[in-house]
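Just so you know, the sequences run in chain order A and B.
Here the working numbering = 1-based position in the first sequence + 17.
Here the working numbering = 1-based position in the second sequence + 109.
Think of the hints as simulated: they come from the structure by calculation, not from any bench.
Worth double-checking, as some hints may not be accurate.
As the list claims (entries may be wrong) - Pair ranges (Cβ atoms, derived):
1) B:Ala111 x A:Asn72: 30 to 40 Å
2) A:His128 x B:Arg217: 37 to 47 Å
3) A:Tyr78 x B:Pro148: 18 to 28 Å
4) A:Pro24 x B:Thr114: 30 to 40 Å
As the list claims (entries may be wrong) - Over 10 Å on every C-beta distance to chain A, these chain B residues come out as not near it, computed from the model:
5) Leu122
6) Lys123
7) Ile124
8) Asn137
9) Gly151
10) Leu152
11) Ala161
12) Gly162
13) Gln210
14) His211
Glycine included, every Cβ here is placed at the ideal spot set by N, Cα and C.
Given next are the chains, with one letter for each unit.
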Amino acid sequence: AQSVAQPEDQVNVAEGNPLTVKCTYSVSGNPYLFWYVQYPNRGLQFLLKYITGDNLVKGSYGFEAEFNKSQTSFHLKKPSALVSDSALYFCAVRASNRDDKIIFGKGTRLHILP
Amino acid sequence: NAGVTQTPKFRILKIGQSMTLQCTQDMNHNYMYWYRQDPGMGLKLIYYSVGAGITDKGEVPNGYNVSRSTTEDFPLRLELAAPSQTSVYFCASSFRADRPQHFGDGTRLSIL
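This is chain A alone, in the form it adopts within the complex (with noise of 0.2 Å):
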């Protein structure tokens, strides 16, 4: 079955330090995969997207995410946290090459502590 896990709900971090949401996902064929940030009473934003070429990705706000084929994961980071990172992550991928939906992981939680 394919799937999108994000192993944590919620993520505390001190602001000024790095910081990474996880995701590890489960498709068949090659993934295309997605990262979105939601804050309070909004929709979901888009941040980056992998889909082919370099394993590192960089988007919006200063986040990054790495692609891990063999680990089957693609990780948010970010090098220095701000208290405005503060909102809930979903990691999202496609599920196959002919597939046209996107899987939703349930999301993380992210508190930045000033």
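With the hints as your guide, set chain B onto chain A.
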């Protein structure tokens, strides 16, 4: 600069009532999606469409219906509202399935 617009933003329904959640996009996107978001459950796909006249079921289609008569509009219909349909509903669109989805700000629906 509208993007994806959802109406209404809030609604309270009684059990058994029906309603239509409206979604429209002005980006000429082919793909449109309806999701529901429940606390701690992430997003669940209800229905999606890859173009006008074409719709398909997602993970949780029971109790809902959709239509796609134009590229711009993708309304979601609840025929007989049930308490289990209390949720936040998001509409999204994209140019292709491998392109980022653009989301509306959601409709918060309570069934009492």
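Of the hints stated earlier, which fail here? Per hint list: 2, 9, 10, 13, 14 violated.
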